[in-house]
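Student: The chain contents come next:
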Amino acid sequence: MELPNFIYHHLLSWMIFLPVIGMLVISVLPNAKKEAMKWVASGFTLLPLLLGIALFLNFDRQEAGLQFMEQYSWIPTFNIHYFVGADGLSVTMILLTALLSFLCIFASWNIKEGLKGYLCMFLLLEAGMMGVFCALDFFLFYVFWEVMLLPMYFLIGIWGGPKKEYAAIKFFLYTLFGSVLMLVAMLAFYFYSEPHTFSLVELSKPGTLVVKDLTLFGIALSAAAFKKMLFIFLFIGFAIKVPIFPFHTWLPLAHVEAPTPISVILAGVLLKMGTYGLLRISFPILPQETYWFSYALAIFGLINIVYGALCAMAQITLSEKKGGNDLKKLIAYSSISHMGYVILGMSVFTIEGINGAVFQMFNHGITTAMLFLLVGVIYDRVHHRKIDGFGGLGVQVPIYTGIVSLAFFASLGLPGLSSFISEALVFLGAFKVYPSITVLATLGIILNAAFFLWALQKIFLGPLNQKYINLKDVSARELFTLVPLGILVVFLGIYPMPVLDLMKQTLDQILILIQAA
Amino acid sequence: MLEKLLLIWLLPLAAFLIQVFLGKRLYRRGDWVSCGAVFTSFIFSCVLFFNMLGEHNPHFKWTTSWDWIFLPDFQLKFGLLVDTVTLSMLVVITLVSLLVHVYSIGYMAGDKLYSRYFAYLSFFTFSMVGLVLVDNLFSIYIFWELVGLASYLLIGFWFEKPSASNAAKKAFLTTRIGDIGMFLGILIIFFNTNGILEYEKLFQYVADGKFTGEFLGMSLLTVAGILLFFGAIGKSAQFPLHIWLPDAMEGPTPVSALIHAATMVAAGVYLVTRMFVFFTPDALLFIAYIGSFTALFAATMALTHNDIKKVLAYSTISQLGYMMMGLGVGAYVAGFLHLVTHAAFKASLFLCSGSVIHAAHTQDMRQMGGLKQKMPITFWATLIATLSISGVPFFSGFVSKDMLLAGALSFATENPQHALIAIFAFITAGLTAFYMFRLVFMTFFGAPKDPKVFSHAHESPLTMTLPLMILSVLSFGFIFTYNHWFEAIIQKPALLNYQSGLSVGSLKALGHAPHDASHLITVILSIALAGTGIFLSYLFYFKGVLSAKNWAHRFQSMYQTLVHLYWVDELYEWTVVRPLIRLNNFMAHFDNRVIDDRLVDGWVPLTSNTAFYSGDFDNVAIDQTLVDGTGLSIAKGGMEVRKIQTGRIQQYLILALAALCIILLILML
Numbered sequence: 006m007e008l009p010n011f012i013y014h015h016l017l018s019w020m021i022f023l024p025v026i027g028m029l030v031i032s033v034l035p036n037a038k039k040e041a042m043k044w045v046a047s048g049f050t051l052l053p054l055l056l057g058i059a060l061f062l063n064f065d066r067q068e069a070g071l072q073f074m075e076q077y078s079w080i081p082t083f084n085i086h087y088f089v090g091a092d093g094l095s096v097t098m099i100l101l102t103a104l105l106s107f108l109c110i111f112a113s114w115n116i117k118e119g120l121k122g123y124l125c126m127f128l129l130l131e132a133g134m135m136g137v138f139c140a141l142d143f144f145l146f147y148v149f150w151e152v153m154l155l156p157m158y159f160l161i162g163i164w165g166g167p168k169k170e171y172a173a174i175k176f177f178l179y180t181l182f183g184s185v186l187m188l189v190a191m192l193a194f195y196f197y198s199e200p201h202t203f204s205l206v207e208l209s210k211p212g213t214l215v216v217k218d219l220t221l222f223g224i225a226l227s228a229a230a231f232k233k234m235l236f237i238f239l240f241i242g243f244a245i246k247v248p249i250f251p252f253h254t255w256l257p258l259a260h261v262e263a264p265t266p267i268s269v270i271l272a273g274v275l276l277k278m279g280t281y282g283l284l285r286i287s288f289p290i291l292p293q294e295t296y297w298f299s300y301a302l303a304i305f306g307l308i309n310i311v312y313g314a315l316c317a318m319a320q321i322t323l324s325e326k327k328g329g330n331d332l333k334k335l336i337a338y339s340s341i342s343h344m345g346y347v348i349l350g351m352s353v354f355t356i357e358g359i360n361g362a363v364f365q366m367f368n369h370g371i372t373t374a375m376l377f378l379l380v381g382v383i384y385d386r387v388h389h390r391k392i393d394g395f396g397g398l399g400v401q402v403p404i405y406t407g408i409v410s411l412a413f414f415a416s417l418g419l420p421g422l423s424s425f426i427s428e429a430l431v432f433l434g435a436f437k438v439y440p441s442i443t444v445l446a447t448l449g450i451i452l453n454a455a456f457f458l459w460a461l462q463k464i465f466l467g468p469l470n471q472k473y474i475n476l477k478d479v480s481a482r483e484l485f486t487l488v489p490l491g492i493l494v495v496f497l498g499i500y501p502m503p504v505l506d507l508m509k510q511t512l513d514q515i516l517i518l519i520q521a522a
Numbered sequence: 008m009l010e011k012l013l014l015i016w017l018l019p020l021a022a023f024l025i026q027v028f029l030g031k032r033l034y035r036r037g038d039w040v041s042c043g044a045v046f047t048s049f050i051f052s053c054v055l056f057f058n059m060l061g062e063h064n065p066h067f068k069w070t071t072s073w074d075w076i077f078l079p080d081f082q083l084k085f086g087l088l089v090d091t092v093t094l095s096m097l098v099v100i101t102l103v104s105l106l107v108h109v110y111s112i113g114y115m116a117g118d119k120l121y122s123r124y125f126a127y128l129s130f131f132t133f134s135m136v137g138l139v140l141v142d143n144l145f146s147i148y149i150f151w152e153l154v155g156l157a158s159y160l161l162i163g164f165w166f167e168k169p170s171a172s173n174a175a176k177k178a179f180l181t182t183r184i185g186d187i188g189m190f191l192g193i194l195i196i197f198f199n200t201n202g203i204l205e206y207e208k209l210f211q212y213v214a215d216g217k218f219t220g221e222f223l224g225m226s227l228l229t230v231a232g233i234l235l236f237f238g239a240i241g242k243s244a245q246f247p248l249h250i251w252l253p254d255a256m257e258g259p260t261p262v263s264a265l266i267h268a269a270t271m272v273a274a275g276v277y278l279v280t281r282m283f284v285f286f287t288p289d290a291l292l293f294i295a296y297i298g299s300f301t302a303l304f305a306a307t308m309a310l311t312h313n314d315i316k317k318v319l320a321y322s323t324i325s326q327l328g329y330m331m332m333g334l335g336v337g338a339y340v341a342g343f344l345h346l347v348t349h350a351a352f353k354a355s356l357f358l359c360s361g362s363v364i365h366a367a368h369t370q371d372m373r374q375m376g377g378l379k380q381k382m383p384i385t386f387w388a389t390l391i392a393t394l395s396i397s398g399v400p401f402f403s404g405f406v407s408k409d410m411l412l413a414g415a416l417s418f419a420t421e422n423p424q425h426a427l428i429a430i431f432a433f434i435t436a437g438l439t440a441f442y443m444f445r446l447v448f449m450t451f452f453g454a455p456k457d458p459k460v461f462s463h464a465h466e467s468p469l470t471m472t473l474p475l476m477i478l479s480v481l482s483f484g485f486i487f488t489y490n491h492w493f494e495a496i497i498q499k500p501a502l503l504n505y506q507s508g509l510s511v512g513s514l515k516a517l518g519h520a521p522h523d524a525s526h527l528i529t530v531i532l533s534i535a536l537a538g539t540g541i542f543l544s545y546l547f548y549f550k551g552v553l554s555a556k557n558w559a560h561r562f563q564s565m566y567q568t569l570v571h572l573y574w575v576d577e578l579y580e581w582t583v584v585r586p587l588i589r590l591n592n593f594m595a596h597f598d599n600r601v602i603d604d605r606l607v608d609g610w611v612p613l614t615s616n617t618a619f620y621s622g623d624f625d626n627v628a629i630d631q632t633l634v635d636g637t638g639l640s641i642a643k644g645g646m647e648v649r650k651i652q653t654g655r656i657q658q659y660l661i662l663a664l665a666a667l668c669i670i671l672l673i674l675m676l
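For the protein sequence lines, the chains are A and B, in the order given.
Okay, so the first sequence: first residue is 6 according to my numbering, each after it adds one.
Okay, so the second sequence: first residue is 8 according to my numbering, each after it adds one.
Simulated from the structure, these hints should not be mistaken for laboratory data.
Warning: the hint list may mix true and false statements.
List time: in silico EDC-like cross-link candidates among lysine to aspartate or glutamate, alpha-carbon distance up to 16 Å [to be verified]:
#1 A:K437 <-> B:D80
#2 A:K327 <-> B:E167
#3 A:K327 <-> B:D604
#4 A:K463 <-> B:E167
Label-pair restraints from in silico Cβ distances [what the hints assert, rightly or not]:
#5 B:K208 <-> A:E7: 56 to 64 Å
#6 A:D65 <-> B:P169: 28 to 36 Å
#7 A:P468 <-> B:A495: 49 to 57 Å
The C-beta atom is built at its ideal place from N, Cα and C for all residues, glycine as well.
Start from the sequences and build out the full structure, keeping to the hints where you can.
Tutor: Written out as structure tokens, the structure is:
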């Protein structure tokens with residue numbers, strides 16, 4: 006595809022700022038023009054998606070370094086740059102963001118109240134997410150990170166469910182707490198680098214970051230200890246986003262309260278920012294500390310896998326009064342379990358492990374997006390999410406049943422579907438390094454199968470619940486949001502190379518960096 | 008070769024896709040699509056098979072492979088391996104599948120999900136063919152799971168019945184437990200060989216003595232072998248993971264014939280056959296013990312059941328145990344031959360039972376009786392298959408079972424400390440004859456127990472009886488003994504040096520062919536045992552000289568144990584399922600009350616107090632207080648805005664932009 010130069014040379018910037026332009030366009034439209042607003046929003050999310058396809062087609066698979074870079078001085082006093090670029094690590098995330106944002110506009114079609122505000126917030130959110138994945142200047146990264154937080158807060162707090170205020174505040178404060186720790190690390194990086202820089206590229210070069218011994222609150226810290234502290238600060242900041250146990254409790258709440266498309270974005274894109282941050286910032290800048298922390302990281306991965314799966318299953322076995330019986334919560338906890346594979350995969354520094362981890366980020370983005378969209382479909386019709394409250398829907402809504410089954414089986418890692426490849430790669434890579442942890446982690450395989458099949462049975466199998474004899478199957482608009490994801494799940498399960506090809510060189514590079522340290 | 012293989016393999020997949028998306032709208036709801044696909048697959052399988060047979064070359068081999076996943080320093084290939092075992096399996100799979108397809112046209116006529124049923128059958132055929140075609144452990148694991156999926160879908164086909172959906176779930180989860188073992192075995196192999204998963208290369212690697220390492224005093228090779236075998240335990244319903252197969256009878260009967268008798272459950276046997284040279288003597292001994300114990304264990308459970316399909320299900324478990332036992336004692340050809348003969352006569356038995364159920368509308372043998380006159384074709388087919396499974400001379404079961412028992416006997420004579428394996432196997436032979444004739448007598452002979460059932464009964468249509476006739480012919484012994492063609496193409500692979508008994512000095516005869524003497528003894532013994540079984544069955548269920556009721560009464564505790572299937576299901580319920588549910592609930596409680604309420608929300612008062620009451624905007628505190636405080640006031644502000652101005656969206660936008668500016672400003676300080 007031939008793109009005009011002014012687009013091609015600023016591809017990422019266009020992808021980041023097109024949604025902002027869309028936001029401005031919508032904000033000047035009259036309130037009554039609801040349809041027009043929706044189409045404008047879909048247009049301004051479609052354009053980044055098309056550019057994403059151009060990015061996919063023009064991306065050099067053999068190049069481990071950064072591509073499509075743009076760098077302009079922003080705040081010269083502090084050596085802060087507007088610096089964006091894409092490499093194998095970020096390109097999959099950029100594509101995922103573009104795809105899910107576009108589809109989510111269609112999942113938002115039924116939003117009635119405050120549509121204009123909603124769409125504006127949504128587009129701002131997309132800009133923030135794109136920015137986070139494209140930014141190569143830590144300061145810029147931080148700004149986008151915060152930009153993203155804000156619309157998310159409003160989207161949950163205003164368009165959410167019954168406990169939306171509590172959920173939104175909790176989400177906001179929790180993430181903010183992480184941001185603060187990240188800020189400390191960022192400033193430390195800046196002041197201890199020679200020359201002072203926020204550039205992630207510069208900071209990743211060995212020798213740029215020179216930490217000296219220092220005294221903090223009267224406590225003498227060796228340089229090594231201080232670097233470990235910085236790693237932990239960053240780790241907590243990112244762990245909250247992933248979320249890693251025990252920083253995860255905002256997630257089920259936020260998911261349950263958020264409107265469907267926002268849950269999709271939250272689980273599909275935002276969670277990946279945690280692991281992306283670790284790989285983009287912590288790993289290359291603090292390779293020794295990463296190595297030092299790797300065993301703990303693997304343990305965290307294991308805990309996530311098993312703990313998330315057990316909590317997900319509790320949604321079936323526990324009554325509603327005791328906080329169970331919620332389909333959305335089940336999926337939220339399953340996300341915790343599935344992100345555990347990502348953590349485990351990146352903790353072992355093997356080529357299979359790290360590729361599996363990043364591929365799992367992508368796959369989880371697709372499958373969990375499907376899952377939340379599907380919950381939204383049924384919630385729109387029956388206005389509840391009680392796992393016990395359905396029964397026998399398989400007869401009534403066969404297409405919906407088929408798509409849910411596909412999504413469930415993809416999530417439980419059925420071979421032939423994409424998540425299997427990434428999970429298998431993680432296991433293959435992790436077993437070499439931590440065999441016992443890996444053996445325990447395989448428990449996740451069986452637990453995931455158990456609760457997904459159990460939920461499938463409770464909702465779709467058995468005799469039809471007579472309340473739902475008039476239930477309608479998925480509409481064309483809903484199919485439009487689900488089918489592309491379904492196709493990806495199947496296609497990448499059979500032939501995963503198109504995505505693995507994008508990332509493999511860059512990830513190899515990251516491994517070399519850490520192994521050198 | 009490749010084109011034919013791809014046709015055999017992918018036509019059923021194409022049929023599946025067509026059926027899923029267009030099935031309902033097609034003429035006859037598309038049954039001809041699936042049938043046509045599997046028929047073509049069968050024809051091409053036969054072409055390949057007979058070509059190979061004509062060459063008389065037991066070492067026939069054809070391979071090809073493609074790059075699949077390749078990363079720096081890592082690659083997984085996708086390859087196909089075709090040898091005599093593969094081709095035999097292809098014929099078995101496509102033939103039984105074809106017959107089941109045809110049979111299903113009659114059996115499933117009028118079902119509201121008719122086209123979906125055929126879609127699933129096609130999907131199964133595709134997966135099963137894939138399973139036997141691939142050349143490496145990673146790929147076989149993929150198809151291993153896919154046949155499991157097909158099984159799940161077909162067991163739960165009548166999903167409106169809670170028992171069917173329960174059975175489907177149970178089957179998938181139970182087999183998946185075994186699959187985890189298999190997966191761990193693959194991980195160990197992958198790690199130890201640095202990425203070699205292709206069968207042939209792996210065997211070479213092991214033969215070169217490069218596969219080293221120990222775990223808990225066992226060689227890692229043994230551990231890997233036993234773990235791989237766990238997959239087979241699950242899939243082939245061996246003890247202790249046998250519990251899913253009887254429940255799987257909830258599926259439509261033709262499905263039971265195809266998946267749960269002839270092909271998928273034999274995948275475990277296929278795996279052991281395929282990986283035979285990989286197993287150490289210790290691992291093979293483990294397999295032999297599991298196999299022979301399962302054979303006996305399941306045979307005893309078949310004695311007391313009255314559900315015609317469940318009796319056959321236990322019988323299948325038992326026969327699969329036989330095959331495992333055979334492979335375990337080194338009777339490789341016998342184990343594989345029994346897979347093939349069993350596929351024919353057991354498929355026949357299931358299809359016969361389907362025919363009976365179709366006619367009688369019940370599965371309870373106590374309500375049947377006297378159906379011989381009403382359903383002559385079904386009766387004769389059942390009788391032939393029963394004679395075959397009971398090991399009566401001139402029938403196929405006799406041929407393979409005799410070889411198995413001879414293998415077991417010669418193993419026992421050389422390793423008297425493991426005589427139990429052979430003893431179990433011989434007892435099983437007698438029990439098999441007994442319970443199978445019990446089934447025939449109760450169903451077809453005697454006076455009709457239930458006049459209503461009897462009067463409704465009728466012979467099934469030709470689409471259903473034709474497959475029975477074909478399978479009956481295949482249950483005769485000469486099919487497999489003619490010109491010794493089977494032994495000519497299937498030969499025990501040359502044992503690797505570590506397998507000839509070096510690592511465990513006590514184990515002998517793995518590599519030996521059974522002695523002639525043990526053959527003779529076996530023939531005499533097995534005929535005698537089968538005869539006794541049949542005779543006792545005759546006395547109990549035909550003549551009524553002996554009363555089953557009285558015997559059940561006399562051996563009450565034993566009878567109860569059998570009726571309750573040794574309480575294995577209950578045991579799992581109490582030791583696995585319930586504790587797991589309790590653990591879930593505890594975790595959820597812990598998550599809500601401890602982590603969330605205490606650890607997380609416990610901080611809120613402290614943080615917010617700091618944020619609100621600290622007026623200290625000093626530089627030292629810039630990080631913690633300022634940013635956190637700002638966040639909170641924005642949060643607070645957002646709430647206020649929401650309360651006062653709900654609906655006035657312009658305000659949100661302005662607020663958002665303002666907040667953005669504030670954050671940027673703060674950061675630029």
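Student: Tell me the numbers of any earlier hints that the structure contravenes, in ascending order.
Tutor: The structure conflicts with hints 2, 5, 6, although it agrees with all the remaining ones.
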